[in-house]
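Number of protein chains: 2
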Amino acid sequence: MDPLLRSELIRYGEFAQACYDAFDYDPFSRYCGSCRYNRRKFFASLGMGTAGYEVTHYLYATSNINLPNFFTKTRGPKTWSQKANWIGYIAVSDDATTALLGRRDIVIAWRGTATRLEWVADLMDFLRPVASEGIPCPDPEVKVESGFVDLYTDKDPTCRFCKYSARQQVLAEVRRLVEQHTKMGETVSITVTGHSLGSALAMLSAYDIAETGLDVGVDGEKVAVTVFSFSGPRVGNGRFKERFEELGLKALRVVNVHDTVPKVPGVLFNEHVPEFVRKLGEGLPWSYSHVGVELALDHKRSPFLKVTGDPSCFHNLEAHLHLLDGYHGSGQRFYLASKRDPALVNKACDFLKDHLMVPPFWRQDENKGMIRAHDGRWVQRERQKMDDHPPDMHHHLSRLGLDKRHQ
Amino acid sequence: MDPLLRSELIRYGEFAQACYDAFDYDPFSRYCGSCRYNRRKFFASLGMGTAGYEVTHYLYATSNINLPNFFTKTRGPKTWSQKANWIGYIAVSDDATTALLGRRDIVIAWRGTATRLEWVADLMDFLRPVASEGIPCPDPEVKVESGFVDLYTDKDPTCRFCKYSARQQVLAEVRRLVEQHTKMGETVSITVTGHSLGSALAMLSAYDIAETGLDVGVDGEKVAVTVFSFSGPRVGNGRFKERFEELGLKALRVVNVHDTVPKVPGVLFNEHVPEFVRKLGEGLPWSYSHVGVELALDHKRSPFLKVTGDPSCFHNLEAHLHLLDGYHGSGQRFYLASKRDPALVNKACDFLKDHLMVPPFWRQDENKGMIRAHDGRWVQRERQKMDDHPPDMHHHLSRLGLDKRHQ
Numbered sequence: 001m002d003p004l005l006r007s008e009l010i011r012y013g014e015f016a017q018a019c020y021d022a023f024d025y026d027p028f029s030r031y032c033g034s035c036r037y038n039r040r041k042f043f044a045s046l047g048m049g050t051a052g053y054e055v056t057h058y059l060y061a062t063s064n065i066n067l068p069n070f071f072t073k074t075r076g077p078k079t080w081s082q083k084a085n086w087i088g089y090i091a092v093s094d095d096a097t098t099a100l101l102g103r104r105d106i107v108i109a110w111r112g113t114a115t116r117l118e119w120v121a122d123l124m125d126f127l128r129p130v131a132s133e134g135i136p137c138p139d140p141e142v143k144v145e146s147g148f149v150d151l152y153t154d155k156d157p158t159c160r161f162c163k164y165s166a167r168q169q170v171l172a173e174v175r176r177l178v179e180q181h182t183k184m185g186e187t188v189s190i191t192v193t194g195h196s197l198g199s200a201l202a203m204l205s206a207y208d209i210a211e212t213g214l215d216v217g218v219d220g221e222k223v224a225v226t227v228f229s230f231s232g233p234r235v236g237n238g239r240f241k242e243r244f245e246e247l248g249l250k251a252l253r254v255v256n257v258h259d260t261v262p263k264v265p266g267v268l269f270n271e272h273v274p275e276f277v278r279k280l281g282e283g284l285p286w287s288y289s290h291v292g293v294e295l296a297l298d299h300k301r302s303p304f305l306k307v308t309g310d311p312s313c314f315h316n317l318e319a320h321l322h323l324l325d326g327y328h329g330s331g332q333r334f335y336l337a338s339k340r341d342p343a344l345v346n347k348a349c350d351f352l353k354d355h356l357m358v359p360p361f362w363r364q365d366e367n368k369g370m371i372r373a374h375d376g377r378w379v380q381r382e383r384q385k386m387d388d389h390p391p392d393m394h395h396h397l398s399r400l401g402l403d404k405r406h407q
Numbered sequence: 001m002d003p004l005l006r007s008e009l010i011r012y013g014e015f016a017q018a019c020y021d022a023f024d025y026d027p028f029s030r031y032c033g034s035c036r037y038n039r040r041k042f043f044a045s046l047g048m049g050t051a052g053y054e055v056t057h058y059l060y061a062t063s064n065i066n067l068p069n070f071f072t073k074t075r076g077p078k079t080w081s082q083k084a085n086w087i088g089y090i091a092v093s094d095d096a097t098t099a100l101l102g103r104r105d106i107v108i109a110w111r112g113t114a115t116r117l118e119w120v121a122d123l124m125d126f127l128r129p130v131a132s133e134g135i136p137c138p139d140p141e142v143k144v145e146s147g148f149v150d151l152y153t154d155k156d157p158t159c160r161f162c163k164y165s166a167r168q169q170v171l172a173e174v175r176r177l178v179e180q181h182t183k184m185g186e187t188v189s190i191t192v193t194g195h196s197l198g199s200a201l202a203m204l205s206a207y208d209i210a211e212t213g214l215d216v217g218v219d220g221e222k223v224a225v226t227v228f229s230f231s232g233p234r235v236g237n238g239r240f241k242e243r244f245e246e247l248g249l250k251a252l253r254v255v256n257v258h259d260t261v262p263k264v265p266g267v268l269f270n271e272h273v274p275e276f277v278r279k280l281g282e283g284l285p286w287s288y289s290h291v292g293v294e295l296a297l298d299h300k301r302s303p304f305l306k307v308t309g310d311p312s313c314f315h316n317l318e319a320h321l322h323l324l325d326g327y328h329g330s331g332q333r334f335y336l337a338s339k340r341d342p343a344l345v346n347k348a349c350d351f352l353k354d355h356l357m358v359p360p361f362w363r364q365d366e367n368k369g370m371i372r373a374h375d376g377r378w379v380q381r382e383r384q385k386m387d388d389h390p391p392d393m394h395h396h397l398s399r400l401g402l403d404k405r406h407q
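As you go down the protein sequences, you meet chains A and B in turn. Take the first sequence: its letter number 398 is residue 398 in UniProt numbering, and every next letter is one higher. Take the second sequence: its letter number 333 is residue 333 in UniProt numbering, and every next letter is one higher.
Simulated from the structure, these hints should not be mistaken for lab results. Among these hints, one or two may not hold up.
Copies of the same chain look alike in the list, so a pair counts if it fits in one copy or across any two.
In silico DSS-like pairs for lysine-lysine, Cα to Cα no more than 25 Å straight-line [claimed, not checked]:
#1 78 <-> 339
#2 339 <-> 73
#3 368 <-> 41
#4 73 <-> 41
#5 300 <-> 41
#6 73 <-> 306
#7 385 <-> 300
Chain A on its own, in the form it takes in the complex (with noise of 0.2 Å):
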């Protein structure tokens, strides 16, 4: 395992984390499905200090879709939107960062499902063309999961912040930037990065703004596009994991071998049947292939860890964190590289060994976010600002021929 791909591994694994440490998951909040901090203060809020990137543009997707464990909602009636969630964000290398990876780097965080697998239960298991749904593919036959494709491309015109779908938020942003930097002179990347039902967004994304072609700068040079993804699972059929890889776009796929998400959809047919049973399958809604390369590693190797028959430990990004933190090659003993904190495992599951003595479930706030008003009452903090689109968000989406319906 070479240690600046550990590093990078983590880091960007660490970017997708923060979309979970950040979301506000209270039903009993009327922020409930909304990002608990100000873009402006994002990882500082994390006390990842700047991390070295700033936090260019918040990503919302609405609960319009056939993904309802998805969602999370407020059971009050007072509530900052019916109908979005927030589902990640957009950052850019600060000129520190940059210098240092010798490229102005874009990061496009997705929000997976922290720990509520039944979300799964929700894909339809039905693929869908790409161009469809407005995405420029040439051949109708690269298809992907709909529920995959409905979150990304649902809009709603009546909420402030899902009358653009992520789709059109992503796409325009990215471009902004790119355009901006390259301008510039600057070399760009894009990193896209997402767990769970994120890392599905985040291959979707990263395939679409190759495909839409900004991936290239001012200057005409193509702009590197990778992807890590943490226990994703699979997206499209095998003709969507081709054209993947005709655009160029590089993908690294982290798995825990025990985990089932990054088995479905496509538990029949996938990349593991022989080539002539795929060739038959081919033609069905349910023929899936991953696309990338895969990194498995195996939570049992962890001292660390306790024996659990729960999947949501299997599942969890910090446990994948950890486990990268400790793995030196397929059959290697396992030891912390980076001595990377295991207690950030038990943050949001109960999978350390009891002795090392981490509480289960210790990422909590104090008094669940309730503060005391001047006359001594108990009330919910008010947020002085939700931050939604930049107000040329249309302009930018004009100039890319999305302004237009069903983009």
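For this one, chain A is given, so just place chain B on it according to the hints.
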């Protein structure tokens, strides 16, 4: 409902509630079973300011008794104490409060069990003469439940925190405080409070203070001893009740009519059965009687509380304090007299109606008390100092003749 009585009841109830709020329940904490705060900062740490009182003593009990479900222990090998649990405190009113009350008030607050009602199953339902436990009662027929008296009188010489019994700790400190303040010519009162199992200890210790003759100042003046009990079980037999009254003790018992704890022990033979049946049962070791005056509340009268079948809600102390605030006499309309914050009800239960949007079980520490060390690792906060017993404790005990075994 007299406004002064209401505010007194709520105030002493809050002193009992403070025992829950300050207790470390976390089995992954090595301070599990202790008080989370330093004695000198007790009320301030709980956001109660000074509360007008100064905590002079912390009370501990040993777990070597027949109430295993009452005790809370760490899972780890390192612990502040193998044997002890923090079980309450003694506080004395400051000068301003003393001036307001017209007396120097000594408060003894006993911790009960917040939500776990399993300890009720451990009750032996077996009465034992108090005289056999070193309480100088002239009547061998005065009996109390054996589990309560064990909790009150047991000790462990090998343990720094419970080398003295709860009884010894209370009597020595009460003696010291009564002597100190009556010597200065002050009027002194003793108020004992507790919820649930803590109520049983409140009744027992108040009775013991009077029976042992500590309710007399250096001037020979009688010191009033009052018990404010919240959802307490029965403590002793009919003779205990009579002796309690003979000694001039006053007790007010606040109960919720839907709570089962005040109905145990003595479900069959108690103060409700006709006189002649009780006489028959008197010789039996399971004939119990409540003491004092009962104030019966009904949680179904509060429009803030939802319909639930959870008995731990009916038993919850914060719910009782909420009901006290809205109670205006039997059959009267429920409305909040002091506008005490109803949100407090959900501190450690799920009892408020959902539309009030107060998260259930909202009282919690940030990150379960984990903090980030200088090296970036997440660790448990170290405690500076654990309060045990004052160095002159033995001196006070020997003056009382209480320095012998089995006191």
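Hints that the structure is at odds with (numbers, increasing): 2, 5 and 7
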